Amino acid sequence: MTPELGQFALILALCLAVIQSTLPLIGTYTGERHWMSLGSTAAWGQFTFLSIGLCCLIYAFLDNDFSVAYVASNSNTLLPTMYKISAVWGAHEGSLLLWVFMQGAWGVAVAAFSGKLPETVRARVLSVMGMVGVGFLLFMLLTSNPFERLYPAPLEGRDLNPLLQDPGLAIHPPMLYMGYVGFSVAFSFALAALLGGKLDAAWARWSRPWTTVAWVCLTIGITLGSWWAYNELGWGGWWFWDPVENASFIPWLVGTALVHSLAVTEKRGAFKSWTVLLAITAFSMSLLGTFLVRSGVLTSVHAFATDPGRGIFILTFLCIVIGGSLIIYAWRAPTVTGGGRFDFVSRETLLLANNVLLVIVAALILLGTLFPLIYDAFELGKISVGFPWFNKMFISFMPLLILVMGIGPNTRWKRQDPAELARRLRLAFIVSVTLGVVFALPLLPGASPLAGLGIGLAAWLVTTLTTSVVDRLRHKRGLAAIWRDVTVQGRSYYGMVLAHLGMASAVVGVTLVSLHGVEKDVRMSPGESLEMAGYTFVLEGVEKHQGPNYRADRGKVRILRDDEEIALLMPEKRTYTVQTKPMTEAAIDIRPTRDLYVSLGEPVGGGDWSVRVYYKPFVRWIWFGGILMALGGLLAVSDRRYRLSVRSRRTIDATVTPAAQEASG
Amino acid sequence: MTPARKKRLYLVLLMIAGIGTAVALAVTAFDENLMFYYSPSEIVAGEAPVDHPFRMGGLVTAGSVRRHSEGLTVQFDVTDNDKLVTVEYTGILPDLFREGQGIISRGTLRPDGVFVADEVLAKHDENYMPPEVAESLKTVHSGADNPGGTTP
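In order, the protein sequences belong to chains F and E. Residue numbers for the first sequence follow the numbering used here, beginning at 1 and rising by one. Residue numbers for the second sequence follow the numbering used here, beginning at 1001 and rising by one.
Pulled out of the complex, with its shape left as it was, chain F reads as follows:
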């Protein structure tokens, strides 16, 4: 009964989404306030029914209702409860439900926190969001229904893919989807502004916090994904340039460009039509990513089992969204008047350079991801683009971007005296070049030109940011004033500082782990030891172990440094009982400046095991960087100018509410 209830709730949600996408929009043209205010009501209704749908599916999982096909193929009575819940989004149908649920949640958030928006703008935004919701609900109900029944119902489920039984993966997809879907808010704001013909600083200020929150979610999602791959795939890589990773990284790059270009639009009124185009692109790239994952057109470690029907549906949806929004753009953008003027040397120019670079990198990654498809379509053969290509592209443009990142925060809006800028950055430049040279010359062990470049760039970020902060605080008198600046006045600014520091941290991590990481696959007999990077790894033995829904061979590896034990690692080779799938569970000894990573391969005869032993210096700094970026984004969103408007809205609400109720009632 519950699954039918869920199914019914989803259909009702679709009906409400249709209402949400049409009536408020029509209302904005006819001036009908009742119709416009329907947007919020419909958004709440849609969200309520989506929640019911999601709860029904969760209940089906907790209840071991294997008569539901999706539950039967992704759960099992022995599956721990936490993973039963995360199994809800462990495969295609459920993750789509989660996606639509998030979309509904963003809609409700817009309805709830946008009281300060003019009624027409809010109605248009919610309408566009409703359209996106209709698209995804139709996709789910027509091609991938999570509540489909299975007859006869099996007695036992086929269990969740063991790779997905990991705490990191329980939260990775929701965060990622929050980000993907969050860009639909930026997209909706952009389209609403185009439809209304009013693109101004106020518009940028409204859509900025939404965009930043979406970007934060995407950042966390990608960071978690990388961390999961490192932990769970058992071969210690943190990024593979896999099509699906690219599918999340491209929207992230475009989203990062959007966050920056929105800043220019808000502060200086410039780049308006470019910002709109970026908002459209960011969401389109999210959709394209979905298409690539769901349709199975690309060979990828993440690809779901394929179904051409789904691919065609999403492709059609993609064409409608991209085509439709670009037509509206082409129709409306020429009416957008230019914003504030700026000099050649100014923060605007540097942010423009930031945007150009980010978009170029995003476009290159997109090219590399789609190239095999293009090649195949012209019947030139089946190819793949190796990840050295992606690395090369990335390394070619990131240094430029980081150079610009250092200068930007130290530059004035509108006009900057180049001589003054050079004077201000002189010290930072000297320090970072010196550090870079020290790491490039073979004076230190492990120094190399690339290490010099990486460290120099990270130092450039840190020193220029310090310069900027010192400059800002120089005129503050006393600690109290500084404290007030940090906690109250300048959250948006300090958010930027934090996020940019995150970038520095990631650069250090990526540079050092790529250059100095040591990876060894060896054959070891029990009792045998191995020297690596100054550590001694002793395989003490391998014994049997029984887990809740798996059996395992558990290795014991003692790690010594200078004859002193520093860790005892227990990597496992698990075989999950139901899917009989072997799974490598790596064991990692973690320190801030390095990871020691051991995973078991397989028995190779004579009691020997193949063992994988890695030394990963500074690998944590990559994810720490991601966390810093996300925190920076959150801090920026909490800036008082967004909160001030909330407070002033409350006072307006208090005076206006009775009238508004009358009007909408």
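Think of the hints as simulated: they come from the structure by calculation, not from any bench. It should be emphasised that the depicted structure is a prediction, and the values quoted were computed from it without experimental measurement. A hint or two may mislead.
Claimed, not checked - With beta-carbon atoms standing in for the labels, derived distance ranges:
#1 Ser-51(F) - Arg-1110(E): 30 to 38 angstroms
#2 Arg-426(F) - Ala-1024(E): 40 to 48 angstroms
#3 Arg-484(F) - Phe-1030(E): 49 to 57 angstroms
#4 Pro-548(F) - His-1052(E): 31 to 39 angstroms
#5 Leu-155(F) - Val-1027(E): 56 to 64 angstroms
#6 Ala-1017(E) - Glu-565(F): 55 to 63 angstroms
#7 Leu-155(F) - Glu-1088(E): 38 to 46 angstroms
#8 Arg-1066(E) - Thr-577(F): 23 to 31 angstroms
#9 Ser-448(F) - Phe-1030(E): 24 to 32 angstroms
Unchecked claim - Distance condition first, Cα-Cα at most 27 angstroms in a straight line; then the derived DSSO-like pairs of lysine-lysine:
#10 Lys-267(F) - Lys-1083(E)
#11 Lys-476(F) - Lys-520(F)
#12 Lys-1083(E) - Lys-414(F)
#13 Lys-1006(E) - Lys-414(F)
#14 Lys-116(F) - Lys-198(F)
#15 Lys-544(F) - Lys-556(F)
#16 Lys-414(F) - Lys-392(F)
#17 Lys-267(F) - Lys-1006(E)
Using N, Cα and C, we set each Cβ at its ideal position, and we do this for glycine too.
Dock chain E against chain F, hints included.
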């Protein structure tokens, strides 16, 4: 030309230069990093390059996995249900590697016809068949009854 226009011209030129560099870089780097895919039949027919790395794939033949007594070198046969190619790999095979399973491998062809792999990929999802492998199986036996090689 007004100063404003001049500035705009510079900006546009700068962007074109940036995009131009990007495209040039991308295309030249493609040459070294594009990897073609060949099925075992094509390799046996001598269509695959001998000096350039490429990718191949197919099903691991049942009973073909042979391990050396020293080190981590392993040999197995990969088939598209028509021809066989022996693959040699030194290292740890992925978790989902097993006989009958579809795999994709990257490496070079040795003059004796053995494919020396640097990387062997088996997929996360047991129902998932890499599109290249699925297609080469299809071209050999159109309508092969069990293309996945796994029992559902």
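Checklist entry - Regarding Ser-448(F) and Phe-1030(E), is the given constraint of 24 to 32 angstroms on their beta-carbon distance met? => result holds, 26 angstroms
Item to check | Lys-116(F) paired with Lys-198(F) [C-alpha distance capped at 27 angstroms] | outcome: holds, 16 angstroms
Next on the checklist: Tell me if the straight-line CA distance from Lys-476(F) to Lys-520(F) falls inside 27 angstroms.
Outcome noted: violated, 54 angstroms
Next on the checklist: Run the distance test for Lys-1083(E) versus Lys-414(F): straight-line Cα separation, threshold 27 angstroms.
Outcome noted: violated, 68 angstroms
Checklist entry - Is Lys-1006(E) close enough to Lys-414(F), meaning Cα to Cα at most 27 angstroms? => result Distance of about 17 angstroms is within 27 angstroms: holds.
Item to check | Range hint compliance [Cβ, Pro-548(F) to His-1052(E), 31 to 39 angstroms] | outcome: The hint (31 to 39 angstroms, Cβ to Cβ) is violated, given that Pro-548(F) and His-1052(E) are roughly 48 angstroms apart.
Next on the checklist: Does Lys-556(F) sit within 27 angstroms of Lys-544(F), going by the straight-line distance between their CA atoms?
Outcome noted: Since the Cα atoms of Lys-544(F) and Lys-556(F) sit roughly 11 angstroms apart, the hinted pair holds (cutoff 27 angstroms).
Item to check | Pair hint Lys-267(F) and Lys-1006(E), alpha-carbon separation not exceeding 27 angstroms | outcome: holds, 24 angstroms
Checklist entry - That 30 to 38 angstroms hint for Ser-51(F) and Arg-1110(E) (C-beta), does it hold up? => result The hint (30 to 38 angstroms, Cβ to Cβ) is violated, given that Ser-51(F) and Arg-1110(E) are roughly 59 angstroms apart.
Item to check | Beta-carbon spacing of Arg-1066(E) to Thr-577(F) - inside the hinted bounds 23 to 31 angstroms or not | outcome: For Arg-1066(E) and Thr-577(F) the Cβ distance comes to about 29 angstroms; the hint holds.
Item to check | Restraint status (C-alpha distance of Lys-267(F) to Lys-1083(E) at most 27 angstroms) | outcome: violated, 66 angstroms
Checklist entry - When you take the CB atoms of Leu-155(F) and Val-1027(E), is the distance between them in 56 to 64 angstroms? => result With a Cβ separation near 57 angstroms, Leu-155(F) and Val-1027(E) satisfy 56 to 64 angstroms, so the hint holds.
Violated hints for the displayed structure, listed by number in ascending order: 1, 2, 4, 10, 11, 12, 16.
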